[in-house]
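As a plain string of letters, each chain reads:
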Amino acid sequence: QGKFTLLRDTRTDGSFLVHHFLSFYLRAGCKVCFVALLQSFSHYNIVAQKLGVNLTAAKERGQLVFLEGLKSCLDLLFGEEEEEQPGQPSPLQFLSGSTSDLRALFEFVRVSLTPSDSDSWKGPVLLVDDLSVLLSLGATPVAVLDFIHYCRVSVCCQLEGNVVVLVHSSEASEDEENELVVNSLCHHSDLILWAEGLATGFCKDVHGQMKIIKRVSLQQVGEQDLVQVYQYKIQDRNVTFFARGLSAAVL
Amino acid sequence: LVFTEEDKYGLYSNLLFKYFLAEGVVCGHDLFVASAKEHPDNILKELPAPLLDETCGKELGDEAAAAKSEEFQDSMKIAWRYQNLPKVETSPTTFTKFGHYYDVSKKMSPELLQSIKWHSFYPHEELSSQPEMKACNMNGVYARLLQSLQRIISQGGFDGSDPQKKPKNVLRIGVQSLGSLVWGDDVCCTDTPEDIHSLTKFLYVLRGLLRKSLSACIITVPAHLIQNKAIMERVTNLSDVVVGLESFIGSERETNPLYKDYHGLVHVHQIPRLNSLMCDVSDTKDLAFRLKRKLFTIERLHLPPDLSDTVSRASKQDLAGSAKLLSSGCGAMAMGKKHLDF
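Residue numbers (our numbering), protein chains in the order written: chain A, 266 to 516; chain B, 2 to 343.
Take these hints with a grain of salt, some might be off.
What the hints assert, rightly or not - Simulated crosslink set (EDC-like; lysine to aspartate or glutamate; CA at most 16 Å straight-line):
#: 1; chain 1: A; residue 1: K476; chain 2: A; residue 2: D490
#: 2; chain 1: A; residue 1: K268; chain 2: A; residue 2: E441
#: 3; chain 1: B; residue 1: K230; chain 2: A; residue 2: E444
#: 4; chain 1: B; residue 1: K213; chain 2: A; residue 2: D340
#: 5; chain 1: B; residue 1: K230; chain 2: A; residue 2: E441
#: 6; chain 1: B; residue 1: K230; chain 2: A; residue 2: E442
#: 7; chain 1: A; residue 1: K498; chain 2: A; residue 2: E461
#: 8; chain 1: A; residue 1: K387; chain 2: A; residue 2: E425
Keep in mind that the hints were calculated from the coordinates and are not lab data.
If we strip away everything but chain A, and leave its shape as in the complex, we get (with noise of 0.2 Å):
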């Protein structure tokens, strides 16, 4: 309860990490706020019926607030006058520019999360796929960086529930703003998922090694960080771990 997770990925793609963590809290029964800024929401639905989870069943039974940033953003910049409610404006207004901030996304997930008296789901959770996108819509890293900070003092402590984000990330990047983004929030996670390519280069068994790194240091002064290394290889339903040079091609 009350974690800070983050999902970083180096020259591959992390999204199963993504896939995998909203399949477990909804099978969980938590009640789960999603900020999809990059895929549609047929796409996570078609991943997650083969992870065995029912995206459409959940949302209309209340459990899974979803928010289609690509359907949202043509909403905002194509819609016509009359469909905008006031006093609801859109989750992704920073885009028409009027306010340089993402306080109307963090709203959103505010108002998501706060549990009515109906609700009987265990601690919220929010996801967020990803958040490098916010910045190359215009949102500076330190509007960025409020916003997660906003969401983890409401989500981790008020509400005690979890929030899980993902970003990208490269050692030879040149995007500076991302760069201080990530490292930003590699400081407060409490843990960190880092999925990497493999340094030496493509293969077809290993697709990549995943770093765990469970920030106990923040808990108790003089700790280390505890950092555990598997590689891993993604199938269609699931993803195989296994310890570093000993994936089933080689044994």
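Following the hints, position chain B against chain A.
Structure of chain B alone, referenced to chain A:
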């Protein structure tokens, strides 16, 4: 969303662009062509003519064994299939079933072109009125292009909004030389462009439009001119497929014996991972293209055999260096030769 990094002089990326559109014509899809450099009408007049089945089978059959042309089919799939890619077929006999082949030396007949509906966007011709799109701090030309695209999509029924419209068809969108100066964007000229987010915002909205409708899009960008690498990273993140074309013209590789059969390299930086956990990764990452008189082919890169005994030390080093370069991109394929210098 297929994002193509142009080669230096734009020759080959133009060709790829025209292939995409030509395939649309032959399949009966609607077309939307946007270009700022050349008038779209001219582009459409220069599409390559489709090869008829009888000749195509014979010509390509000759080369099938030598050149592994099934890779040609594989790359064309990567270039413009929008849904999940089917598995790579390795047997040459099946490769005529998918897609069509084009004869680059002949132009497509105007009658064929007239059988489909096409739309164009040429910024210099558009009215310079303010876009109806709600203000979003984007480059005005981009905004108008998006607006025009959105109008076509909703009027043409590609987004399923009007169930009475005629049977669903696919809209193929081609945008040429995005980001260059002719579009009013200075991202290619300076390290700190005026509006650093214009291009990425445009791509995001375009992605939204594509996801919501039955369309596929190819964009070519003169990536070698974009100096701010951060933008390229963000753009890669926002696209489904990213392919880079590197031509050998004017570079030192032109005279390199390694590459004597080819005109350039194809770098596949990203392939789509849509609707599934994994993506369809082909076995090889080293692809090269060549433009023959009639055909443009993309093949697996073969290093020529090192037959000569009198090859001097210097050029042997050179070959080894290039072979390493080939593999270090994103593949660790042990293709070709390993120079074990003990």
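Violated hints, by number in ascending order, as checked against the structure: Per hint list: single violation, 2.
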